[in-house]
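Colleague: Sequence:
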Amino acid sequence: MEQKTNTAVAVSTEQNRVTQKLLMDYLKQTNSNLLPNEQAQFMAIAGTFNLNPWKREVYAVAYGQGNGRKLSIIVGYEVYLRRAEEFPQYDGYETKFFGEGANMGCTCTVHRKDRNHPIGSTVFLREYSQNNQMWNTKPHVMLEKVAIATAMRRAFPSEFNGMPYSKDELPDNMTNGSEVLDQQGYVEVAPDSQETPTEATNAEGGTKAHTPLSDARRAKFYEFVARENRRVGKAAFDALLEKYGGLERLVADSDLSTKFAHEISVVPDYTATEVNDEEVPL
191 MEQKTNTAVA VSTEQNRVTQ KLLMDYLKQT NSNLLPNEQA QFMAIAGTFN
241 LNPWKREVYA VAYGQGNGRK LSIIVGYEVY LRRAEEFPQY DGYETKFFGE
291 GANMGCTCTV HRKDRNHPIG STVFLREYSQ NNQMWNTKPH VMLEKVAIAT
341 AMRRAFPSEF NGMPYSKDEL PDNMTNGSEV LDQQGYVEVA PDSQETPTEA
391 TNAEGGTKAH TPLSDARRAK FYEFVARENR RVGKAAFDAL LEKYGGLERL
441 VADSDLSTKF AHEISVVPDY TATEVNDEEV PL
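When you line the sequence shown up against the numbering used here, it's residues 191 to 472, in that order.
It is worth saying that the hints were derived from the structure and are not from the lab.
Glycine included, each C-beta is placed from N, C-alpha and C at the ideal position.
Just to be clear, a hint being listed does not mean it is correct.
As the list claims (entries may be wrong) - Subject to a maximum C-alpha distance of 20 angstroms in a straight line, what follows is the list of computed EDC-like cross-link-like pairs (lysine to aspartate or glutamate): (1) Lys286 with Asp304; (2) Lys218 with Glu438; (3) Lys424 with Glu438; (4) Lys410 with Glu438; (5) Lys286 with Asp215; (6) Lys410 with Glu284; (7) Lys410 with Glu453; (8) Lys260 with Glu334; (9) Lys303 with Glu334; (10) Lys260 with Asp428; (11) Lys328 with Asp281; (12) Lys286 with Glu276; (13) Lys449 with Glu432; (14) Lys433 with Glu453; (15) Lys303 with Glu317; (16) Lys218 with Glu432; (17) Lys424 with Asp445; (18) Lys211 with Glu247; (19) Lys211 with Glu413.
Said to hold, decoys possible - Across the chosen pairs, the derived CB separations fall in these ranges: (20) Asp428 with Arg316: 37 to 43 angstroms; (21) Arg246 with Asn351: 52 to 58 angstroms; (22) Gln323 with Gly282: 53 to 59 angstroms; (23) Ala451 with Thr209: 18 to 24 angstroms; (24) Asn321 with Glu290: 31 to 37 angstroms; (25) Glu268 with Asn223: 25 to 31 angstroms; (26) Leu271 with Thr209: 53 to 59 angstroms; (27) Asn257 with Glu290: 39 to 45 angstroms.
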């Protein structure tokens, strides 16, 4: 039986593959102050869908305070268009506006070569409009972006399964939070202290060189970290991560990451009172 491949992930060639090193370098060079578990989630999603933040294909927003802090991972609507153009079944789209004022709507119709009927999605201004400059001055442009993104997901449900939402589909508080790796520039924040992994002392009194995780193992480790963060809750996860010296130290030492994985796996699931870990759209 032929194995199905998520086309949204596989569209890019090996030459422009998004590596975990690229994503880590991006977080460092943009002075991101995302928390370690938030960095792990961002890297897992961006890596899985081969989204390059340097090309402004994806960014992350942390919003809320304290236990109410949450993370949104967001793509530009152009990502849906570019990925759809790579699908062999894709046969174009068209949009149509109707109505006026708050009742204005936009329908995007997507055509597939392997379907007898087109697939469409209709959205209304009253459902998505935000009280900001872009929506107030360019409502047609913004509504069309939403219609395109929702229609592409509906037309290619398997290919876009799990793809983050576009900025235009989300409320302002989820796209303009306390930390934004923005498509229009970078928020100036104080960089995290860069902790250099320590070297272990061997029996002869010298130092033992650490073996960093390979790209393949690092990708799997970030997926594991993001999953375990949701399972055990932010407080327990951050406490254990701090004990091991942070995410960078773990990926730089394969032995240490293995110990961390064993220890986090026995931590009980978080309780319902830890509201920070409830799911948000990705």
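Colleague: Against each hint, give a clear statement of whether it holds in the structure.
Modeller: Each hint tested on the structure:
1. For a cut-off of 20 angstroms, the pair hint linking Lys286 to Asp304 is broken: about 23 angstroms separates their Cα positions.
2. As the CA atoms of Lys218 and Glu438 are separated by approximately 11 angstroms, the hinted pair is consistent with the 20 angstroms bound.
3. At roughly 18 angstroms between alpha-carbon atoms, Lys424 and Glu438 fall within 20 angstroms of each other, so this suggested pair holds.
4. Between Lys410 and Glu438, the direct Cα distance comes to roughly 15 angstroms. Compliance with the 20 angstroms bound is thereby established for this hinted pair.
5. A threshold of 20 angstroms between alpha carbons decides the hint, and for Lys286 with Asp215 the separation of about 42 angstroms lies outside it, so the pair is violated.
6. Our distance criterion of 20 angstroms between C-alpha atoms is broken by Lys410 and Glu284, whose separation comes to about 39 angstroms.
7. With a C-alpha separation of about 17 angstroms, the suggested pairing of Lys410 with Glu453 holds against the 20 angstroms cut-off.
8. For the hint pairing Lys260 with Glu334, the CA-to-CA distance comes to about 28 angstroms; that exceeds 20 angstroms, so the pair is violated.
9. Restraint check for Lys303 and Glu334: the C-alpha separation of about 23 angstroms exceeds 20 angstroms, so the hint is violated.
10. Pair hint Lys260 plus Asp428 holds up; C-alpha atoms about 14 angstroms apart against a cutoff of 20 angstroms.
11. A threshold of 20 angstroms between alpha carbons decides the hint, and for Lys328 with Asp281 the separation of about 28 angstroms lies outside it, so the pair is violated.
12. Among the hinted pairs, Lys286 with Glu276 is inconsistent with the structure: their alpha-carbon atoms are about 24 angstroms apart, more than 20 angstroms.
13. In summary, the hint linking Lys449 to Glu432 is supported, as the alpha carbons are separated by about 14 angstroms, within the 20 angstroms threshold.
14. A C-alpha spacing of about 11 angstroms is found between Lys433 and Glu453, which places the hinted pair at or below 20 angstroms, so the restraint holds.
15. A threshold of 20 angstroms between alpha carbons decides the hint, and for Lys303 with Glu317 the separation of about 31 angstroms lies outside it, so the pair is violated.
16. Proposed proximity of Lys218 and Glu432 is supported: the alpha carbons are some 18 angstroms apart, at most 20 angstroms.
17. Distance check on the hinted pair: Lys424 and Asp445 sit about 24 angstroms apart at the alpha-carbon level, beyond 20 angstroms; violated.
18. For the suggested pair Lys211 and Glu247, the alpha carbons sit about 17 angstroms apart, so the restraint of at most 20 angstroms is met.
19. With a C-alpha separation of about 15 angstroms, the suggested pair Lys211 and Glu413 falls inside the 20 angstroms cut-off, and the hint holds.
20. Restraint check, Asp428 to Arg316: a C-beta distance of roughly 40 angstroms satisfies the suggested window 37 to 43 angstroms.
21. In this structure the hint that Arg246 and Asn351 lie 52 to 58 angstroms apart at CB is violated, the actual value being about 23 angstroms.
22. Our hint of 53 to 59 angstroms for Gln323 and Gly282 is violated, since their Cβ atoms are close to 31 angstroms apart.
23. For Ala451 and Thr209, the hinted distance range of 18 to 24 angstroms is satisfied, since their beta carbons lie about 21 angstroms from each other.
24. Under the hint 31 to 37 angstroms, the C-beta atoms of Asn321 and Glu290, about 19 angstroms apart, miss the expected range.
25. Taking the beta carbon of each, Glu268 and Asn223 are about 27 angstroms apart, inside 25 to 31 angstroms as hinted.
26. With their beta carbons about 24 angstroms apart, Leu271 and Thr209 fall outside the hinted range of 53 to 59 angstroms.
27. At roughly 43 angstroms, the beta carbons of Asn257 and Glu290 sit within the given window of 39 to 45 angstroms.
Hint violations for this structure: numbers 1, 5, 6, 8, 9, 11, 12, 15, 17, 21, 22, 24, 26, all remaining hints satisfied.
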